[in-house]
Amino acid sequence: MTDAISSLGAVGRPVSIHTDDAAKARLKGRYRTETWFKWLGAAAVALAGLFLVLLLSTIVTQAIPALRQNYVTLPIDLSAAKVDPAKLDEVNYDAIAQEALTAKFPDVTSRQDKRLLRGLISTGTGVFLRKDIAADPGMLGGTVDYAVPLDDFADLYLKGLLADVGSDEAISTSVTPSQTSGDIDLTFGDDAMQALARGHGATEGENGMLTLTSGASSLLVAFNGGTVKLTALSPAANGTVIAKGTVIEALDSTAPAASGQAFLRVIETPEASRKISDKMIVWLDTLNSAGLIESRFNSIFFFTGASREPELAGVWGAVVGSFLTMIVTLAIAFPIGVSAAIYLEEFAPRNRLTTMIEVNINNLAAVPSIVFGLLGLAVFLNFFGMPRSAPVVGGMVLALMTLPIIIIASRASLRAVPPSIREAALGIGASKVQTVFHHVLPLAMPGIMTGTILGMAHALGETAPLLMIGMVAFIVDIPGGFTDPATILPVQIFMWADFPEAGFQQKTSAAILILLVFLVIMNAIAVILRRRFERRW
Amino acid sequence: MVGYLVVLLLVLAAAAYWIGRTRAIASVNGDVARLHSLPGQHGMFLALFAAGPALLAIVVWSLVTPGIESSIIADRFSSELSGMGVPQVEAFIRDARAMAFGGLVGFADPTKEAAAAVYKSIHTTSTWIIWAVALVLSASGFYWAYSRIAQAYRARHVVERILRAFLIACSVVAILTTIGIVLSLIFESLRFFQQVPFYKFLFGTHWSPQSAFTGAGAEAGAVNEDIFGMVPLFAGTLLITFIAMLVAAPIGLMAAIYLSDYASKSVRAVAKPVLEILAGIPTVVYGFFAALTVAPYFRGIGESLGLNVASESALAAGVVMGIMIIPFVSSLSDDVINAVPQSLRDGSAGLGATKSETIRKVVLPAALPGIVSAMLLAVSRAIGETMIVVMAAGLAANLTANPLEAVTTVTVQIVTLLVGDQEFDSAKTLAAFALGLVLFCITLSLNIVALRVVQKYREQYD
Numbered sequence: 001m002t003d004a005i006s007s008l009g010a011v012g013r014p015v016s017i018h019t020d021d022a023a024k025a026r027l028k029g030r031y032r033t034e035t036w037f038k039w040l041g042a043a044a045v046a047l048a049g050l051f052l053v054l055l056l057s058t059i060v061t062q063a064i065p066a067l068r069q070n071y072v073t074l075p076i077d078l079s080a081a082k083v084d085p086a087k088l089d090e091v092n093y094d095a096i097a098q099e100a101l102t103a104k105f106p107d108v109t110s111r112q113d114k115r116l117l118r119g120l121i122s123t124g125t126g127v128f129l130r131k132d133i134a135a136d137p138g139m140l141g142g143t144v145d146y147a148v149p150l151d152d153f154a155d156l157y158l159k160g161l162l163a164d165v166g167s168d169e170a171i172s173t174s175v176t177p178s179q180t181s182g183d184i185d186l187t188f189g190d191d192a193m194q195a196l197a198r199g200h201g202a203t204e205g206e207n208g209m210l211t212l213t214s215g216a217s218s219l220l221v222a223f224n225g226g227t228v229k230l231t232a233l234s235p236a237a238n239g240t241v242i243a244k245g246t247v248i249e250a251l252d253s254t255a256p257a258a259s260g261q262a263f264l265r266v267i268e269t270p271e272a273s274r275k276i277s278d279k280m281i282v283w284l285d286t287l288n289s290a291g292l293i294e295s296r297f298n299s300i301f302f303f304t305g306a307s308r309e310p311e312l313a314g315v316w317g318a319v320v321g322s323f324l325t326m327i328v329t330l331a332i333a334f335p336i337g338v339s340a341a342i343y344l345e346e347f348a349p350r351n352r353l354t355t356m357i358e359v360n361i362n363n364l365a366a367v368p369s370i371v372f373g374l375l376g377l378a379v380f381l382n383f384f385g386m387p388r389s390a391p392v393v394g395g396m397v398l399a400l401m402t403l404p405i406i407i408i409a410s411r412a413s414l415r416a417v418p419p420s421i422r423e424a425a426l427g428i429g430a431s432k433v434q435t436v437f438h439h440v441l442p443l444a445m446p447g448i449m450t451g452t453i454l455g456m457a458h459a460l461g462e463t464a465p466l467l468m469i470g471m472v473a474f475i476v477d478i479p480g481g482f483t484d485p486a487t488i489l490p491v492q493i494f495m496w497a498d499f500p501e502a503g504f505q506q507k508t509s510a511a512i513l514i515l516l517v518f519l520v521i522m523n524a525i526a527v528i529l530r531r532r533f534e535r536r537w
Numbered sequence: 001m002v003g004y005l006v007v008l009l010l011v012l013a014a015a016a017y018w019i020g021r022t023r024a025i026a027s028v029n030g031d032v033a034r035l036h037s038l039p040g041q042h043g044m045f046l047a048l049f050a051a052g053p054a055l056l057a058i059v060v061w062s063l064v065t066p067g068i069e070s071s072i073i074a075d076r077f078s079s080e081l082s083g084m085g086v087p088q089v090e091a092f093i094r095d096a097r098a099m100a101f102g103g104l105v106g107f108a109d110p111t112k113e114a115a116a117a118v119y120k121s122i123h124t125t126s127t128w129i130i131w132a133v134a135l136v137l138s139a140s141g142f143y144w145a146y147s148r149i150a151q152a153y154r155a156r157h158v159v160e161r162i163l164r165a166f167l168i169a170c171s172v173v174a175i176l177t178t179i180g181i182v183l184s185l186i187f188e189s190l191r192f193f194q195q196v197p198f199y200k201f202l203f204g205t206h207w208s209p210q211s212a213f214t215g216a217g218a219e220a221g222a223v224n225e226d227i228f229g230m231v232p233l234f235a236g237t238l239l240i241t242f243i244a245m246l247v248a249a250p251i252g253l254m255a256a257i258y259l260s261d262y263a264s265k266s267v268r269a270v271a272k273p274v275l276e277i278l279a280g281i282p283t284v285v286y287g288f289f290a291a292l293t294v295a296p297y298f299r300g301i302g303e304s305l306g307l308n309v310a311s312e313s314a315l316a317a318g319v320v321m322g323i324m325i326i327p328f329v330s331s332l333s334d335d336v337i338n339a340v341p342q343s344l345r346d347g348s349a350g351l352g353a354t355k356s357e358t359i360r361k362v363v364l365p366a367a368l369p370g371i372v373s374a375m376l377l378a379v380s381r382a383i384g385e386t387m388i389v390v391m392a393a394g395l396a397a398n399l400t401a402n403p404l405e406a407v408t409t410v411t412v413q414i415v416t417l418l419v420g421d422q423e424f425d426s427a428k429t430l431a432a433f434a435l436g437l438v439l440f441c442i443t444l445s446l447n448i449v450a451l452r453v454v455q456k457y458r459e460q461y462d
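Taken in order, these protein sequences are the chains called B and Y.
Reading the first sequence from the start, the letters are residues 1 to 537 in the UniProt record's numbering.
Reading the second sequence from the start, the letters are residues 1 to 462 in the UniProt record's numbering.
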């Protein structure tokens, strides 16, 4: 169309038939509408693409952190005094790991702080430790360096997802502490701190006193090998500022730190509105700077069952459940679907029964999936008394749902086989059944397989009907058979999306990513089948 | 145990095939041409009769026994179970079964252990019975069929007739499914309407089934009829569907027009897969996207404009549902637009119309019935969509037309009523089936109307 527009005003062309000015204006308007319309269409396509990119990028960016998990390496005392080799099952492995962690922070003494500190490592530590000791008894008898998974909040903080990490800035004045631990006074050489505190949400009190409540940003001063959290600032003589603070990590001495020796760290998110306290941040940073924390491939996520603890939750149980369900679906839907398609396409006489079957199939394809769930609940569970949450029931429900898709695809594929094939087979004396099964069906098979795989991909992503038959139960064990209680990947995603813990958001995205990978693989197989084997007649 | 039986029968079938074949060949002393049917057909005939009836018996057995076993247990322990409600009895039987056959047990007590022991013995007996029945059926079938194999025996006719019966049975599954859906929905809904009059359900404006009962425990009989009014759910469904269609209809239609009439080959090669991927993404993913990304985003925008947007606003759920439906609308419209014959376009172009004029004044009117039908199907899809609204829409039934507020839908309520512990005779759970019936009727009638629109108004050009 652009050619047409440009040629209008081209020099040397015959005089336009639109001689009248009004006609020219009309023509211009019409072309303008044309361009508009075209761009509107392009915008619609672009918008659809944008939505897809937005959706996928959100999922992928959220999923990536969940692929790795942070571990802290602790020297764990497994000597005979702690772990009796004869009674391995009675040992409190959690306590041993926690002791190893508290030993790293000797100046954490109060009970509350100790509990906070213990909370840095995962509650599943004991289970892992016991499993590893059972696998390798050589660990026993001494102190071993053992990597312990961090708790979800600690893990998220280290991934930079809970609070902005903030950066250390040198303080351009001297800092003098009054004590090395407890609640102390800090004397700053000038009043720059006050302006800073005001900028970070400190509450103004009497006599220029500034209080940093839990609603304000956290100001941490690191010097003399320790860290102090500021709680209040008040102006003093000679333009100095006296700050009250709580020591998080003990200082080496009360010697004043010269200008540039002390570092200020500002964590913008107020302590009250984040899930990790200043103390935990300081401890984690200490562990991190000591090189004890490492980020590993998150094998827990890929190879274990579900859990209420985000750092211990895995998708393997759901993947196995999905796999078992899909086997049942395929085993039921494929033979029945293909048989029905063969009958309707090759054998069925045109009578009321077949018309009714066809109308039924088309209607079933449009029935909301949740209605199939209601059917499964009322018929399979309540009427036949089949087990709840079992892959076999889920598979049957999904099979009924996939059936119309497979039948419709198979019929199309059978119809595409030219009649000459049938006539040739019949002509050399094959029976109708032989014609269909020896000649027509093999030729239609690639198309049928493509349709089946697409139907299965559809079933794999289906969630609603399985909620109805109890596959939403919280199941930790990896299902071992078709009647074991199980959950499936989409339902697992649904459940995790509902959990309030921040760590589950990444896990959910990662589980979605796994589901999408499976779907992409299935669709790719379908496309390859179509490209390689489908014949055009 | 029964697994072994099935394997044994399959082995038997394979053996019978071979035996039948050999016997057929032997009956004509190797001159296969004299047989009426091929040796393989004789083999198949024998195999079908040797294993078929037995396998059928096993299928029936495995469908029927769990119910019979449970009812025997409930019967034997009727004195212990007399004080319990239906869910407790179910839990009891479930636990007994789990203890007998392994599985997750709630908590054990002596009665349950006794029940489990009885369960086990009943199950052993029934397993023995099915073994005996299957073996007798198999042996007699084999004997009967074996004695039939002869030169003139028409094994092919028998085999093909059985095969055809199997094919017909498979096609009838579709009808059976529909019947199953209709019957189960109607049956459970009738039980619901015995407790709550249907006019209160259809026209009531108050929905809060969670507070359905006044009493507790065994006294919980009095059903408050006034809290099962489905109008707010229906209004919420329509609101979200409306928003979804507002997004999907223009974008989907314009995308279809662009792709069929304007786009170059390379654009189409990219855009078609994009739409297909969009169509292939599971709805639970859309739900997650709606709940965790879109809803907070809308809330943020609303806040910055000074509007109070609920965190589970109808807008977020509707927009994401619209995105989900775009490929559906566009692929259906694409088919319809492509079905308009080229001669119409050529004729319009020959009269001097621009492309957009051709589309707007010739192609779209010609395709209108198809497009209307596509939109109706999309609406039906949006109404039945579950996961997006379960994850992103609210739970409380608000009767409002404000898209910034939280509304709930029919499907959300079905899920909330049926997920978790259920008692199957309470009005609360049965209400879900009544909602399911309404949903089924609405989508079905939309589909039928869509079909009729096309049939009635389609113009034949070729």
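Just so you know, not all the hints are guaranteed correct.
Said to hold, decoys possible - With the C-beta cut set under 8 Å, the calculated list includes, among others, these residues of chain Y facing chain B:
1) Gly-180
2) Met-387
3) Leu-418
Think of the hints as simulated: they come from the structure by calculation, not from any bench.
C-beta atoms are modelled at their ideal positions from N, C-alpha and C, and glycine is treated no differently.
Taking the hints in turn, this is what the structure says about them:
no. : hint    : verdict
1   : Gly-180 : holds, 5 Å
2   : Met-387 : holds, 5 Å
3   : Leu-418 : holds, 6 Å
Against the hints set out earlier in the document, no violation occurs for any number.
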